[in-house]
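Chains A and B are the protein sequences, given in the same order.
Just so we're aligned: 104 in this note's numbering is position 22 of the first sequence, and the numbers increase by one with no gaps anywhere.
Just so we're aligned: 149 in this note's numbering is position 2 of the second sequence, and the numbers increase by one with no gaps anywhere.
Take these hints with a grain of salt, some might be off.
[Claimed, not checked] The calculated label-pair distances, taken between Cβ atoms and stated as ranges, are:
hint : chain 1 : residue 1 : chain 2 : residue 2 : range
1    : B       : 211       : A       : 85        : 15 to 25 Å
2    : A       : 100       : B       : 211       : 17 to 27 Å
3    : B       : 233       : A       : 138       : 36 to 46 Å
4    : A       : 90        : B       : 188       : 20 to 30 Å
5    : A       : 174       : B       : 189       : 24 to 34 Å
[What the hints assert, rightly or not] Partial list, derived from the structure: chain A residues whose beta carbon lies under 7 Å from chain B:
hint : residue
6    : 92
7    : 98
8    : 126
9    : 182
For the record, the hints were derived by calculation from the structure and aren't laboratory data.
The structure presented is a predicted model; accordingly, all values stated were derived computationally and were not measured.
Where is the CB? At the ideal position from N, CA and C, for every residue including glycine.
Given next are the chains, with one letter for each unit.
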Amino acid sequence: EIVLTQSPDFQSVTPKEKVTITCRASQSIGSSLHWYQQKPDQSPKLLMKDASQSFSGVPSRLSGSGSGTDFTLTINSLEAEDAATYYCLQTRSLPWTFGQGTKVEIK
Amino acid sequence: QVQLQESGPGLVKPSETLSLTCTVAGGSINNYYWSWIRQPPGKGLEYIGYIFYSGSTNYNPSLKSRVTISVDTSKNQFSLKLKSVTAADTAVYHCARIGYGGWFLDYWGQGTLVTVSS
Chain A
83 EIVLTQSPDF QSVTPKEKVT ITCRASQSIG SSLHWYQQKP DQSPKLLMKD ASQSFSGVPS
143 RLSGSGSGTD FTLTINSLEA EDAATYYCLQ TRSLPWTFGQ GTKVEIK
Chain B
148 QVQLQESGPG LVKPSETLSL TCTVAGGSIN NYYWSWIRQP PGKGLEYIGY IFYSGSTNYN
208 PSLKSRVTIS VDTSKNQFSL KLKSVTAADT AVYHCARIGY GGWFLDYWGQ GTLVTVSS
C-alpha cells in the first residue's frame, strides 16, 4: 500500500499570504495524484486532478505541481474562503490512499 | 451537474450489517465507475471500493472480507453492504463518481453518518 504523507499538518495563515502544502508518496505514482478541499460538515471537493490540472470552477489562485513522489498544492493570495482541510489522493496503485490532511486556518 | 445522495440507517448494532444506497441524479450511472469512501469522526479519508456500471468491483483489502458493492442501473443507484460491523466502522460514508477518462473522484455525495452502537 502506498503511503502519502502531507506537510504540514496545520498551518495558520494571514489573508493574501501564499500557502504551500506538500504530499510525498512512499513510491513513485507518476502524476496519479489529486487534491481535495474539505470544509466542516461538507464532502471533499476536487481541486486538482492528475497533479496539475485544475478542476472546473476552481479559482486560478490554486495550482498543483509535481510528479513521481513529490507533489505540491499552492494557494496564492489566501482568501477567507480557503479555510479548510486539504487532502491528497493517489490512484496509481490499489488500494487508493489519502494523505492525512492539512488544516489551513485563517489568522 | 450530477448529484449523489446517500441513504440508509444512521444507527447499526454491532455484528450486524451496514447497508447504504447512493442515488445518482442529473446523469446516468452507465459508463462510469462509482466509489465508496468513509471518514471516521474527526479523522481522515479511507477508500472502501469501487464498482463499474457493468458490475465489476474492487475492494480495499483491509475490508474485502466484509464488503459488497452492487449496482442497479434501472434505478440509477449503487449500494454498499458492510457486514459484522464494530464501533470502528462508525464513520461518515460518502459515495462518489470516478471521473470519465481518469481515475479521480470528481463528484461526491454529502455523506451520511453511520454510528455502530447497541
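These are the hints, each one checked on the structure:
no. : hint                        : in the structure
1   : B/211 <-> A/85: 15 to 25 Å  : 19 Å, holds
2   : A/100 <-> B/211: 17 to 27 Å : 42 Å, violated
3   : B/233 <-> A/138: 36 to 46 Å : 39 Å, holds
4   : A/90 <-> B/188: 20 to 30 Å  : 22 Å, holds
5   : A/174 <-> B/189: 24 to 34 Å : 28 Å, holds
6   : 92                          : 14 Å, violated
7   : 98                          : 29 Å, violated
8   : 126                         : 6 Å, holds
9   : 182                         : 5 Å, holds
Checked against the numbered hints above, the structure violates hints 2, 6, 7; every other hint is satisfied.
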